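Asks: Under our numbering, the first residue of the sequence shown carries the number 1, and numbering increases by one thereafter.
The hints are simulated quantities; they were obtained by calculation from the structure and are not laboratory data. There could be a bad hint or two in this list.
What the hints assert, rightly or not - Straight-line Cα separation of at most 20 Å, DMTMM-like style, residue types lysine to aspartate or glutamate; simulated pairs:
hint : residue 1 : residue 2
1    : Lys102    : Glu12
2    : Lys102    : Glu37
3    : Lys74     : Asp93
4    : Lys57     : Glu12
5    : Lys74     : Glu51
A quick note: this is a predicted structure, and the numbers were derived from the prediction, not measured.
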Amino acid sequence: RNLRPDPECKGEDRVIQPTEDVFASEGDTVTLGCTFETTNPYPNLFWYRQEMGDFPKYMLRLTAKPPHPRLTVKLNKERNHLDLQISSAALTDSAVYYCALKPTLTVSPVTV
Numbered sequence: 001r002n003l004r005p006d007p008e009c010k011g012e013d014r015v016i017q018p019t020e021d022v023f024a025s026e027g028d029t030v031t032l033g034c035t036f037e038t039t040n041p042y043p044n045l046f047w048y049r050q051e052m053g054d055f056p057k058y059m060l061r062l063t064a065k066p067p068h069p070r071l072t073v074k075l076n077k078e079r080n081h082l083d084l085q086i087s088s089a090a091l092t093d094s095a096v097y098y099c100a101l102k103p104t105l106t107v108s109p110v111t112v
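Construct the complete structure from the given sequences, taking the supplied hints into account.
Replies: What follows is the structure, given as structure tokens:
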């Protein structure tokens, strides 16, 4: 597969996400946040999850129903801020989480 930038990608669109680790106990509610800058009045925002030794995998889109009842996504358009809330944290939630703003990288198939 070949990764290539989306042709609609604009230099002024970006995501700012804290880099520090978040620690929680099992059963806690964890909130992960990111701030974004875009000229799009209806931004397409996503969350990705990367487990150790693996590549980032799509989790959810802002407008979609979260895939698990423990996940909640909240958008504050005035502050350009997006939160991912994980309730009843479990050890299996340990991963790196990425906030992304579309357009992002797209994957196109390549014949080898």
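Asks: Taking the hints in turn, state whether each one holds.
Replies: Cross-check of the supplied hints:
1. Proposed proximity of Lys102 and Glu12 is supported: the alpha carbons are some 12 Å apart, at most 20 Å.
2. For the hint pairing Lys102 with Glu37, the CA-to-CA distance comes to about 11 Å; that is within 20 Å, so the pair holds.
3. Taking the CA atoms of Lys74 and Asp93, the gap is about 19 Å. The hint holds against a cut of 20 Å.
4. Distance restraint check for Lys57 and Glu12: the Cα-Cα separation of roughly 25 Å exceeds the 20 Å cut-off, and the hinted pair is therefore not satisfied.
5. With a CA separation close to 23 Å, the supplied pair Lys74 and Glu51 exceeds the 20 Å bound.
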